[in-house]
Amino acid sequence: MDWVYLIEVLVGGLMSGVMYSLVAIGFVLIYKSSGIFNFAQGTMLLFASLTFVKMTENGIDFWTSLFIAAGIMVIFGIATERYVIRPLANQDLLALFMATVGLATFQEGFSQFVWDSDVHGLQMSKFLDIGLLDPAPIFMSDHIPWLDILIPKFDIFASLVAGSLIVVLAFFFQKTKTGLSLRAVSDDHMAAMAVGIPLQTVWAVVWAVTGVIALVAGLLWAERVSVSFTLIEAVMKALPVILIGGLTSIPGAIVGGLVIGVGEKLGEIYLADVFGGQGIELWFAYFMALIFLIFRPQGMFGEKLIERV
Amino acid sequence: MSKSLLKVNNIEVVYNHVILALRGVTLDVEEGKVVSLLGANGSGKTTTLKACSNLLHAERGAITKGSIEYNDNDISKTDAYNLVKDGVVQVLEGRHCFSHLTVEENIMTGSFIRENPKEAKQDLERVYDHFERIRIRKKSLAGFTSGGEQQMIAMGRALMSRPKLILLDEPSMGLAPQLVEEIFAIVKNLNKEGVSFLIAEQNAMVALKYADDGYIIENGRVILKGKASELLERPDVKEMYLGVGAEGKTSFRDIKYYHRRKPSFS
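Chains W and A, in that order, are what the protein sequence lines are. For what it's worth, our numbering labels the leading residue of the first sequence as 1, then goes sequentially. For what it's worth, our numbering labels the leading residue of the second sequence as 310, then goes sequentially.
Derived by calculation from the structure, the hints in this document are not laboratory data. Hints may be right or wrong, so weigh each one.
[As the list claims (entries may be wrong)] Examples of chain W residues lying across from chain A (beta carbon under 10 Å, computed):
#1 N58
#2 Q112
#3 K177
#4 T178
#5 S181
#6 R183
#7 A184
#8 A191
#9 M193
#10 A194
#11 L199
#12 Q278
Positions of the beta carbon are idealized from the N, C-alpha and C atoms, including for glycine.
Pulled out of the complex, with its shape left as it was, chain W reads as follows (with noise of 0.2 Å):
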């Protein structure tokens, strides 16, 4: 066996991994704090990105499309809340999944409408001149020398930045008043009433962060596989990722990612030939899903058995 492949295709798979990771936390910080499934999740990603693309195309600066994309992520997150979550406040779980389907479609229109429907290619390399990235072709591969393997450099750069989101997120949840509170409303949102949280105000955060947190993975996704309706279709392997770290944590959608990065990866690599040829990284992970599913329905991390979806 080809040990240095072996390790080249570890790598590249954990690296994806994160990526998956970045786009499940959306959904798991969403679920975990108000039991919906937010489908509108992709089209969250694809309007992210695309407002960024088209800023730039504009001539505004790399950093100043940024920040303004991360703002009106930022108020989006927080008029979704007001406008699509408050009114329908302890109604049925369903009512409020088909809400999100709803904000979905409404989404993806208004991107169009407000932007436009073209593909747009997205090189931040452009922008971001941090030595990591050469301004040549950003696919491929480069020499790292004390391992004496090929990464994509981008590849680094992504997951670095993926994993201090992470990292970002993990404080904030762990060690802020405002994240303890929000693990309080996610575990019972009557106690969390009766005790003074402001659910409204909670919900809202956690739209916003799930906006910005959708730009960033938007962004990083884009440089792989432009900024078009392709985006929606990345954030369908989260779907994977969700169901084997459970639902409703976030350490679950971290380990769940790296699981199915690397699986789909050693898949396509080893175990093609028994599936009969190339290609199988395009289903492999809901495979893997589905074989983790008759074994441990609530995933890994998983809270509880998930009844509702």
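For chain W, the structure is supplied; the task is to place chain A on it using the hints.
Chain A in isolation, oriented as in the chain W frame:
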């Protein structure tokens, strides 16, 4: 007669626009008093408490008539967050601890409305002083603690907002008699520090023993009120709620005579 802290004026509560849960509950919690609200299952105790703490809308209930005053201000429109800020906090029936949070985190959630983190730390100590039992368990997940400990966590959590009035719903539920006494002893201690209580209870014996005033509620209506000590002595209350017959066996029909009489309120 001391100043009245909470005044419930003839409220009517309807769930889901159709289910009439309360039809005319009037009660009064005076400052510094412990008031017990007694009644059987489904008589409206919890609904009354939730009406006071404005948590009804979460269960699609609404106050359709009457008013609730706290410190002479109408609070029937004030949301739970602002009520907690003003000093009214409810401890829910069945404790409702955040089971995936540690004991200490649970208690700290009660300090959400507080601006000053230093004060919150002091208050945490105060909570542990009252509830020594949970101090040693502060790092364990609340979901793994016993029923009595969870009751203490829920009460400690409420205490963190420095309330003036605690609405305590069914603190004795599922607890051993010894623990019930312990919980009520703590209630009495807190009361000495100036916290008023409105307690909904099924365990009438204990609730009246520790209370100053008592109300008995049935079918969404207050049917009896008075000093707790006087209620304890009434033969009908003894028979119906304390399980001790006055003399021999009384016919069920005879002891229900007071149901038909609506008390007059002055």
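Hints and how they fare:
1. N58: Result: violated, 42 Å to nearest chain A Cβ.
2. Q112: This interface hint is violated because 38 Å lies over the 10 Å limit.
3. K177: Because about 7 Å separates K177(W) from the closest Cβ in chain A, which is inside the 10 Å limit, the hint holds.
4. T178: holds (9 Å)
5. S181: holds (5 Å)
6. R183: holds (6 Å)
7. A184: holds (4 Å)
8. A191: holds (4 Å)
9. M193: This hint holds: M193(W) lies near chain A, its Cβ roughly 5 Å from the closest one there, short of 10 Å.
10. A194: holds (5 Å)
11. L199: holds (9 Å)
12. Q278: Q278(W) check fails; min Cβ-Cβ to chain A is 43 Å, beyond 10 Å.
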